[in-house]
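Grab the two chains, each in its own frame, and use the hints to assemble them into the complex.
Residue strings, one per chain:
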Amino acid sequence: MIAIHKVNKSFRGRQILKDITFDISEGECIGLLGPNGAGKTTLIKCITGIIHYEDGEITFHGKDILNFKNDIGYLSQNTDFKQWMTCEESLRFFGSLSGLSKAYLDEHITDVLTDVGLKDKNKYKVEELSGGMKQRLGIAQAILHRPKLLILDEPVSALDPIGRSEIKNLIQKLKTYTTILISTHILDDASEFCDRYIIIKNGEIVGNITNQDETINKKQVYFQVNAEETAVSPVKLNESYVLQEIKPGQFSVTSKEPIVFANLMKELDKHHIQIHSLAYEKKDVEKIFLELVSEV
Amino acid sequence: MRNISILLKVELLEAVRNIKFIWLTLFFTLLGVTQPLIDKYMEVIIKSFGGVEGIMIDPNAPEPQANEVLLATFSGQFNQIGLIVLIISFMGMIANEKNSGVQGFIFTRPVSSLEYISSKLFGNWLISMVCIAIGSFISYFYTVYLFGYYPIVDFFLFLVCYSVWILFVVSTAVLFSTLIKSSMFIGVATILLSIIFLLAGNINSTLSLFLPSGVLTLAESLLLQTHDINFLFMIAPIVYILINVYGAKAFINQV
Numbered sequence: 001m002i003a004i005h006k007v008n009k010s011f012r013g014r015q016i017l018k019d020i021t022f023d024i025s026e027g028e029c030i031g032l033l034g035p036n037g038a039g040k041t042t043l044i045k046c047i048t049g050i051i052h053y054e055d056g057e058i059t060f061h062g063k064d065i066l067n068f069k070n071d072i073g074y075l076s077q078n079t080d081f082k083q084w085m086t087c088e089e090s091l092r093f094f095g096s097l098s099g100l101s102k103a104y105l106d107e108h109i110t111d112v113l114t115d116v117g118l119k120d121k122n123k124y125k126v127e128e129l130s131g132g133m134k135q136r137l138g139i140a141q142a143i144l145h146r147p148k149l150l151i152l153d154e155p156v157s158a159l160d161p162i163g164r165s166e167i168k169n170l171i172q173k174l175k176t177y178t179t180i181l182i183s184t185h186i187l188d189d190a191s192e193f194c195d196r197y198i199i200i201k202n203g204e205i206v207g208n209i210t211n212q213d214e215t216i217n218k219k220q221v222y223f224q225v226n227a228e229e230t231a232v233s234p235v236k237l238n239e240s241y242v243l244q245e246i247k248p249g250q251f252s253v254t255s256k257e258p259i260v261f262a263n264l265m266k267e268l269d270k271h272h273i274q275i276h277s278l279a280y281e282k283k284d285v286e287k288i289f290l291e292l293v294s295e296v
Numbered sequence: 001m002r003n004i005s006i007l008l009k010v011e012l013l014e015a016v017r018n019i020k021f022i023w024l025t026l027f028f029t030l031l032g033v034t035q036p037l038i039d040k041y042m043e044v045i046i047k048s049f050g051g052v053e054g055i056m057i058d059p060n061a062p063e064p065q066a067n068e069v070l071l072a073t074f075s076g077q078f079n080q081i082g083l084i085v086l087i088i089s090f091m092g093m094i095a096n097e098k099n100s101g102v103q104g105f106i107f108t109r110p111v112s113s114l115e116y117i118s119s120k121l122f123g124n125w126l127i128s129m130v131c132i133a134i135g136s137f138i139s140y141f142y143t144v145y146l147f148g149y150y151p152i153v154d155f156f157l158f159l160v161c162y163s164v165w166i167l168f169v170v171s172t173a174v175l176f177s178t179l180i181k182s183s184m185f186i187g188v189a190t191i192l193l194s195i196i197f198l199l200a201g202n203i204n205s206t207l208s209l210f211l212p213s214g215v216l217t218l219a220e221s222l223l224l225q226t227h228d229i230n231f232l233f234m235i236a237p238i239v240y241i242l243i244n245v246y247g248a249k250a251f252i253n254q255v
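As you go down the protein sequences, you meet chains A and B in turn. For the first sequence, our numbering begins at 1 and goes up steadily by one. For the second sequence, our numbering begins at 1 and goes up steadily by one.
So that you can see chain B by itself, here it is in the shape it has in the complex (with noise of 0.2 Å):
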C-alpha cells in the first residue's frame, strides 16, 4: 500500500507539473458548456453564420429539459472528442517509463507489477475524473442556469456511473501498454475498442448486459430518472476492468 502511495503521489504531481490538470480541465469545461449553448441559441448561431434559409427549425419544438441536455453533453461531447483526447493524455503512462528505462528502476525496487499497475490505474483514473468533474459540474450549473432545476444528487449519482466507463478505459490502455511499445498505437487501439463497445452497447439494453459500456446504459436510466435502473449493468465493467488489470500483470514483466 505504502508504494501505490508514492506512485500515486508522483502521478498526480506528475499532471500538476505538466499543466495537465489545468489543460484538461479547460478542456472538458468547454465541451461542457458547447452543449447546453448549441441547445439554447442554435437559432441565433445558425443566423449569424448566414441565416436559416433552406434549413428548418420546428418552432413548436419544445425546449429540452435540463437533464436531457447533460445527456447530450455526456454522449455527444464527452465520450466522443472528449473520450479522444482523454485517451490521447494518458496513452503514454506505462511506454513512456518502460522506453526511459524509468520501469527498470522501479521494478528493481520491492515493487510488484500489482502496485504498479494499481498507480498507473488509479492515478490516471483520479486525473481523469478530477478534470471531467469540474467540466461537468460547470457544464451543470450552467444547464440549470439555462433549462431549469435538475437535483444536483442525481448528476452526481449519473457521475460516479461515468467514472466506471473511465475506469475501464483506463484500464484498457494498462492493458495495451503492457503488449504494444509505441504510445500512439496503444492509443489507437484503446479509442477503436471504446468506440467499439459504445457502439455495441446501442444495439439493445440485453447485449450491454455484458459489456462494460452498459454502465451507461445505467447511467442515463439516473440522468433520465427512468424507472428500469438495473444496478447489474454495474457487474460487466468491473469483470472486465480486472481481466484488463490481471491482463496487464501477466503481460508486463514478459519482456
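Isolated chain A, as found in the complex (with noise of 0.2 Å):
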C-alpha cells in the first residue's frame, strides 16, 4: 500500500533520517518505535506531506503520496485548534478542505462527533475542551474523510490515565477498519496495538519486527547460584533450553518453546547446578527496543 524507499531529510547541515525504507501493507497496524529525537515525528511529517524531504520517494499504490492526501488521516503529536472555532466548526473547516461536500459534513460530522465520544459538545469551543476531548477531536477530524491510512503521532503521551485509556479503546475500534501508522515511545501502548514494529534510533531505522518474530517470543528464565558453586559455563542444557552466564553467579536460560519448570530443574540438576533463586521473563518489545537503541 505504502512503500517508502530511501528516503533522506537534512536541516541545517544534520541528517535527520537517513535512507528509510519500509513498506506499510493494508490493514496492518505499525509502531513508529524510537527515543525522543529520533526522527519519528520527521518521518511523519515527510509521509504526511507537511515537510520535505530531500532524496528517495514515498509512494501510495506505485504513486506519489502527496496526490492521495484525502486518503490520508493524520493526528499530531501536540494536537490544537482554533481556540475559538467550535467543534463542530473545526471539523467543518477541515472537512471542506479534504473536499467534502456541505451534505456530506452535514450528515457525518454528527456520526464521527458520536465515534469519538464528543457528540455532546459539538458546540463547545475549543479552549472549554481538556486534553483528552482535545485528542478524541483530533481523531475525529482524521477519520472525518474514511482515510485508508491514519498516521498518529504521539496519540497519547501528553494525556493523564483516563484520556490514555479512552484513546486506546478508540485506537483498537479503527484499527478494524483501517491501516494505522502509530508513532509512539510508549511501549506497552505499541504492543497493544501494533502488529510490526519499526524501530528508529538517530534518523536511522534498526529494527523491523512483528509479533510473529522468533526473537519477540523468546521466553528466559534467570536464575542464580550461590557464590561458592562451582562454575558453570555456558552450555546447551538440551535441544530447547539454552543456558547463558549474565554475570558472575547470574545465568539465564532461553528458549523459544514455552519453558516447563519441572523439565527446566531436571535439566539443571544433570548438571549438577543448585539453584538460589529464579525469575522468569518473556521477551517483550521493550525489551528488543531497549536492545536496539541502547548506546552500548
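One thing to keep in mind: the hints can contain errors.
What the hints assert, rightly or not - Computed footprint of chain B on chain A, listed as stretches where at least three residues anywhere in the stretch have a Cβ under 8 Å from a Cβ of chain B:
no., region
1, 62-73
2, 85-97
As the list claims (entries may be wrong) - Here are the simulated BS3-like cross-link-like pairs (lysine-lysine), alpha carbons at most 25 Å apart as the crow flies:
no., chain 1, residue 1, chain 2, residue 2
3, A, K173, A, K148
4, A, K125, B, K9
5, A, K102, B, K9
6, A, K123, B, K20
For the record, the hints were derived by calculation from the structure and aren't laboratory data. All C-beta atoms, glycine included, are put in the ideal place defined by N, C-alpha and C.
Okay, structure coming up:
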C-alpha cells in the first residue's frame, strides 16, 4: 500500500533521516518506535507532506503519496485547533479543505463526533475542551474523510490515565477498518495495537520486527547460584534450553518454546547446578527496543 | 481557488470573533483624528497643558491645507505607531498555527503551500486595510470639516497606493514567519525592516524607485497633487512582495 524508499532529510546541515526504507501493507497496524529525537515525527511529516524531503520516494499504490492526501488521516503530537472555533466548526473547516461537500459534512459530522465520544460537545469551543477531548477531536478530524491510512503521532503521550484509556479504546476500534501507522515511545501502548514495529534511532531504522517474530516471543528464565557453587559454563542443556552467563553467579536459560519448570529443574540437576533464586521473563517489544536503541 | 476562499473565510471570521476588526478600527480612527486635532488646536492644547511660556508659535504661520494634514496623519501617525501596532496584530498569523499543529492538519489536506501563504497574505492585508480605511475615511471627513475641501477620489487613490505598502509589510511578516518560530521575533524583524525601508526611502527619490517604500512617494505625490507623479514607483513593491511570497513558499515546508 505505502512504500517508503531511501528517504533522506536534513536540516541546517544535520541529517535527520537516513535512507529510511519500509513498506506498509493494507490492514496493518505499525508501531513507529524510537527515543525522543530519533526522527519519528520528521518521518511522519514527510509521509503526510507537511515537510519536504531531499532524496528517496514515498509512494501510495505506486504513485507519489502527495497525490493521495485525501486517503490519509493525520493526528499530530500536540493536537490543537483554533481556540475560537467550536468542535463542529473545526470539523467543517478541515472537512471542507479535504474537499468534502456540505451535504456529506451535514450527514457525517455528528456520526464522527459520536464515534469519538464528543457528540454532546459539538457546540463547545475548543478552548473549553480538556487535553483528552482535544485529542479525540484530533482523531475525529483525521477520520472524517474515511482515510485508508491513519497516521497517529504520539496520540496518548500527553494524556492522563483516563484520557489514555479512552484514546486506546478508540484506536482499537479504528484498527478494525483502517491501516494505522502509530508513532510512540510508550512501548506498552504500542504492543497493545501493533502487528509490526519499525524501530528508529538517530534517523535510521535499526529494527523491523513483527509480533510473529521469533525474537519477540523468546522466553527466558533467570537464575542465581550460590557464590561458592562450582563454576557453570555456558552450555546447551538440551535441544530447547540454552544456558548463558549474564554476570558472575547469574545465568539465564532461553527457549523458543514455553519453559516447563519441572523439565528445566531436571536438566539443571543433571548438570549439578543448584539454584539459589529464579525469575521468569518473556522477551517483549520493550526488551528488544532497549537492546536496539541503547548506546553500548 | 476553493481552498484559498475557505482559508480566507476562516481568517476573516477569526478577526470578527476575536474582535480584532473592532479594536483595530477604533485604534486607527483614534490615530486618524489625532493629527487634524493637533494641527487645528495646537495652541489651545499647549495652553491647557501649562501655557505657552517659552514656546514660540508663529502667529503668521498659514493654516495647513487638508491634504497636508492628511499626509501628516499617514506619515506621522499611521506609519509610526500605527504600523507597529498593525504588525503586532498579525505577527502570529503563521507561527501560532505552526506551533499549535493547525498548520500540520491543513497541509495534510490537498492544500498547496502557495494557497496557504496567499490566504494568510490577503486575509491579513484585507483585515488591515478595512480597519485602516475606516480610520482613514473618518480622518478624511474630520480633516475636511476642519481644514476645507479635498477631493475624495484623490484621497481614495492615495489609499490604494498605501494599501500596496501594507501588502508589502504583511508579505514580509509572512516570510519571517516561515523562518522564525517566535511571534515576538517575527514582529520585531518585520518592524525593523519596515522602518529601514521607510528611512531609506527618504534619502532620495531615485533610490526609492528600487525600494518597496517607493510606493509611498507615489502616494504622497497623488495626495499633494504634484505634477511629478511617477507610476514606476509601483514596480519595486510588487517585485518585493513576489520575492517574499516565493521565499515563504520555499521555506514553509522545510521543517
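Evaluated hints:
1. Check result for the region 62-73 of chain A against chain B: holds, 4 residues qualifying (beta carbon to beta carbon below 8 Å, three or more required).
2. For the region 85-97 of chain A, the stated coverage by chain B is satisfied: 4 residues place a CB nearer than 8 Å to a CB of that chain, which reaches the threshold of 3.
3. Between K173 (chain A) and K148 (chain A) the CA atoms are separated by roughly 15 Å; this keeps the pair inside 25 Å, and the hint holds.
4. Taking the CA atoms of K125 (chain A) and K9 (chain B), the gap is about 18 Å. The hint holds against a cut of 25 Å.
5. Of the supplied pair hints, the one linking K102 (chain A) and K9 (chain B) holds, its CA atoms being roughly 15 Å apart against a limit of 25 Å.
6. Taking the CA atoms of K123 (chain A) and K20 (chain B), the gap is about 23 Å. The hint holds against a cut of 25 Å.
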